Amino acid sequence: MNSPARAINPLPSPATARAALERVAANLSLAVQGKDKEVRLAVTCVVAGGHLLLEDVPGVGKTTLVEALARSFDLSFSRVQFTADLMPADILGAQVFHAQTATFSFRPGPLFRQLVLADELNRAPPRTQSALLEAMAQGQVSLDGATHALPRPFTVVATQNPVDFSGTYPLPDSQLDRFLMRLSLGHPSPEVEARLLTTRDASSPVEALKAVTSPEELTELRAQVAAQRLDDTVAEYIVRLAQATRAHGDIERGASTRAVLALGMAARAHALWESRDFVTPGDVRAVLAPCLAHRLLLRSANQGAYTRDEATHLIEEVARKVVAPR
Amino acid sequence: MTTRPNRLRLILRDLGTAAAFSSMAVSGQVPVWALALVIVAVLVSLMGFHPFARAPRLTAILLVPLAGALYLAVAAGQMDLVVAACSFAGLVASQRLLSETSPTTDGQVLLAGLLMIAGGAALSGELLFAVCLLAFAVLASLSLGLAVVEAAVPPGEPVPVRHVLRPLSKGVLVAMAGAVAFFVLFPRLNWNVGVRRAAPGLGPATSGFSDTVRLGGSGTLKSNPRVVLRAKLTPDPGSQRLDAYWLGRTYDTFNGQEWSTIGAPSKRRRTRVTLRPGAEKQVYQRIELLPAYGARTLIAMETPSKLGNALMHTPTGDRRTQLQELGGDELRFVEEALGYSYEVYSVPPGTDTDPGKLAQKELDQLLSLPENIDPRIEELAHQVVGNETDPLAAAQKLSNWLQREYTYTLELGGDVADPLMEFLFVRKAGHCEHFATALTLMLRTQGFEARLATGFFGGERVGDEYLVRAGDAHAWTHVLVPGRGFVTVDATPPAFRANQSLELLESLISLYEAIEGMWRSSVVDYSFRDQMNFLRDMSRPPRNEPGKERTQLPPLRAWLTAAMAGAAVYWTWRYLSRRKARAPVLEATRFVDSVERQLAAAGVRAGDGETLEDVSARLTRDAHPLAPAVSPLTRRYLEARFGQRPLQPGESARLLKELKHSVEVHKQQQQTPRARAS
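Line order of the protein sequences matches chains X and H.
Going by this note's numbering, the first sequence wraps up at 326, each residue one higher than the last.
Going by this note's numbering, the second sequence wraps up at 678, each residue one higher than the last.
I should point out that these hints are in silico values taken from the structure, not numbers from a laboratory.
Please read these numbers as outputs of a predicted model, since none were measured by experiment.
Errors might be hidden in some of the hints.
[What the hints assert, rightly or not] When the alpha-carbon atoms are kept at most 25 Å apart in a straight line, the in silico DMTMM-like pairs for lysine to aspartate or glutamate are as follows:
| id | chain 1 | residue 1 | chain 2 | residue 2 |
| --- | --- | --- | --- | --- |
| 1 | X | K37 | H | D614 |
| 2 | X | K321 | H | E610 |
| 3 | X | K37 | H | D622 |
| 4 | X | K321 | H | D614 |
| 5 | X | K321 | H | D374 |
| 6 | X | K321 | H | D608 |
Full structure from sequences and hints, please.
This is the structure we're talking about:
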């Protein structure tokens with residue numbers, strides 16, 4: 001029973017939640033300039049309790065965004081560069097032999113942080129990828145028969161380079177499905193780039209960021225998200241959208257049930273931006289493409305960089321066709 | 001991408017058209033070639049082919065020669081104008097069925113169907129028509145409903161047939177109930193005066209009485225289970241089977257081939273006819289002749305003494321009719337009608353009766369024989385009768401002998417030169433007319449006066465009435481016994497006297513006749529007078545019965561009806577108030593409709609798939625002057641619609657008023673710079 005706990009630690013009101021979100025977004029914008037929409041979606045994803053997949057060419061601020069997230073939420077942070085020789089033990093941790101006591105003890109790996117940046121996830125061998133993804137799904141790590149709980153809140157942000165595929169192990173669709181959203185920042189606008197050139201001093205802007213909220217508040221926000229009201233007609237709308245992707249002629253495999261659940265969760269979190277405690281069809285449409293684009297298997301032969309735009313385009317078409325409840 | 005028409009809608013439409021055409025076809029008057037063309041068209045369309053879709057106008061020219069053919073048939077007097085019009089409606093519908101499958105075509109097809117239904121009402125209006133009408137109404141409504149839904153669904157989307165069929169069916173049911181209420185209560189003119197009834201019920205009437213009885217032919221009549229007569233007897237004999245002879249008429253002259261009567265018809269027309277004096281114990285019968293009977297001859301249990309009080313049933317109501325006496329004890333109704341009812345007093349069998357008023361010539365005729373009668377018949381009769389002098393005993397002897405030596409059969413070899421010789425010496429098998437003729441003539445060869453009687457034999461109890469079926473038609477012999485009058489002797493083996501039809505068929509036909517009767521009395525012949533009676537019966541105080549206190553209060557049924565009406569109103573109110581509980585959602589939807597209308601008036605239009613939420617966000621993004629007005633309104637709508645915080649009474653009106661004000665201010669601001677520019 002969690003009602004006594006609720007009484008002691010009441011949910012933040014929608015207005016309070018929105019204020020927190022806006023604080024985080026404003027803070028992030030200091031580090032990642034001119035990407036308000038993506039920043040807000042990234043915050044939505046984290047608040048919804050999902051893992052984030054950033055797909056971008058190098059050098060557009062992926063790492064900066066993740067670091068800024070960690071600082072804003074005051075989360076413990078680790079960055080793991082995924083390479084072809086990275087083994088599961090390198091991220092999960094290992095049993096270490098202590099010569100003095102002649103015993104083994106568990107030394108946690110870099111995964112035991114509240115926010116983990118898995119940089120270039122697709123460069124690691126599948127074994128390592130699946131170890132990470134399992135940890136993401138379970139929130140715990142099983143090693144040598146012992147189970148080690150990961151810290152809470154726990155969020156993974158993985159990055160992928162969508163262009164350079166040589167020497168990579170593309171993520172299987174079942175594993176892509178575990179990421180709540182896929183975002184790409186893209187190049188900043190010329191004005192922003194010019195401003196970066198003129199104003200950026202030696203120190204990284206990220207290092208100057210201060211925490212604007214706490215991991216505890218993030219946990220409360222996530223509880224608030226789970227408590228958001230989803231009207232039957234909106235739920236039905238989500239299902240109809242998913243069905244439309246399944247029935248679409250250009251889509252080989254449409255949205256899964258997990259995708260439907262993810263869409264519901266992300267839409268609930270998105271409602272907080274308007275300080276609402278209920279979900280509207282607009283919330284669903286706002287998170288539709290980031291939540292679904294990476295989960296669809298298109299019929300077109302080109303399964304690479306350009307499918308992202310194509311998938312987004314198809315999803316927008318679906319969103320136009322499926323009539324929203326009014 | 002072109003939208004594929006909904007298959008179910010087309011099937012329903014085709015079946016509806018078929019039902020509409022059947023409503024005319026059941027009258028049996030539509031020409032066979034038109035029937036064939038329509039059937040082919042419906043089948044082709046049902047299989048999903050629409051060969052005329054490419055050239056709907058060109059193929060419409062095909063209708064011109066068909067119309068010409070129909071016109072020629074009418075001009076030549078071969079076809080009725082109404083029938084021609086009905087057939088043409090069927091052909092137009094067929095052409096449309098095979099054309100393109102748009103909702104417009106559906107409308108045209110169903111309109112033609114409506115015309116065909118009207119034609120069917122003019123042509124027959126019988127029970128099968130009612131079935132077709134019902135089928136057409138249901139199928140056409142469903143098809144139209146589906147067409148509306150299909151039109152509302154955006155192209156490329158599947159039509160939600162499953163979800164729609166249930167509410168559609170409910171709607172059709174409500175519509176039918178409404179139609180019934182309208183029919184019962186709306187003042188009704190007797191429009192059915194002009195109805196031409198081809199034949200009542202299942203094809204033509206069955207057992208007419210003609211002026212002659214011809215031996216030969218086959219005996220299909222014996223297996224026909226249609227009810228031709230209903231009788232209520234007083235005193236009620238109470239038995240399940242009434243083995244009674246129902247006399248229609250008698251014949252006294254046989255020419256070797258057929259029976260006829262020499263008696264001349266009386267010119268007088270009377271409402272009551274007394275054939276012979278009554279006896280102490282008489283059987284009173286209230287007889288109804290049904291449309292299936294199809295003749296004007298009165299039927300009565302042997303031996304009728306008095307007949308009268310005849311009513312005839314016509315499409316416009318019941319009227320008194322008169323009776324006319326014909327030769328051979330036959331009584332006829334003067335006028336033709338669908339059915340008749342009348343009263344009869346009969347002397348029970350076994351009672352001595354007056355033979356009736358017979359002229360000497362008629363008495364002599366009871367001994368006449370065909371001119372070329374074979375002497376072997378007399379020899380045969382003599383062998384059986386011997387030296388018997390009592391007519392009844394002789395008749396019994398002959399009758400027993402015939403029943404013993406001859407077999408009953410309905411399979412007859414058609415016309416032969418001398419059917420009696422054929423029966424007695426060749427086939428030694430025949431039906432009731434052969435047995436009765438043989439007995440009558442053999443009695444006459446021995447000098448006994450006898451005549452042939454025809455009518456029905458039997459009577460089957462249903463409720464407190466007795467039914468006589470067409471298959472009960474029978475012939476027997478009257479022997480004139482001095483001092484006792486005519487006595488009935490039946491030479492036909494007892495097992496074959498009544499009808500020979502299957503029991504299952506019999507009960508099915510009874511059911512059909514009952515429904516047909518209800519349809520006729522409560523729908524086709526339902527008139528303004530019936531409506532008045534209905535209302536008066538509802539409100540009139542009960543009849544003052546002896547032993548009961550006189551009361552001015554309306555009868556129990558009026559109270560019951562009032563209670564039922566009250567309950568119906570209450571349930572409707574409850575249903576509507578429950579709907580109101582769900583109304584906030586609908587109210588919010590109505591609210592958003594109004595908002596969007598106002599915004600459209602101000603030049604802010606929602607794009608493809610854009611909701612008010614999107615529009616509001618767009619206005620805010622573009623810093624539109626209306627954004628500050630629209631934004632809180634949108635929020636309120638979203639709360640009411642998805643956040644379970646319904647709009648308060650009057651709130652939507654207030655918000656809309658505010659929006660209207662903002663829109664007007666916005667318009668003025670737009671116009672001002674333009675005014676300056678000019």
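Do the alpha carbons of K321 of chain X and D374 of chain H lie within 25 Å of each other, as the hint requires? violated, 97 Å
Does D614 of chain H lie within 25 Å of K321 of chain X when you go C-alpha to C-alpha? holds, 15 Å
Checking one constraint from the list: CA of K37 of chain X to CA of D622 of chain H, max 25 Å. Satisfied? holds, 16 Å
Verify the proposed pairing of K37 of chain X with D614 of chain H, using a straight-line Cα cut of 25 Å. Within the cut-off at roughly 16 Å; holds.
Please work out if K321 of chain X and E610 of chain H have their alpha carbons no farther apart than 25 Å. holds, 10 Å
Decide if the proposed pair is consistent with the structure: K321 of chain X and D608 of chain H, CA atoms, cutoff 25 Å inclusive. Given that 25 Å is the threshold and the Cα spacing comes to 9 Å, the pair holds.
Hint 5 from the earlier list is the only one contradicted by this structure; the remaining hints agree with it.
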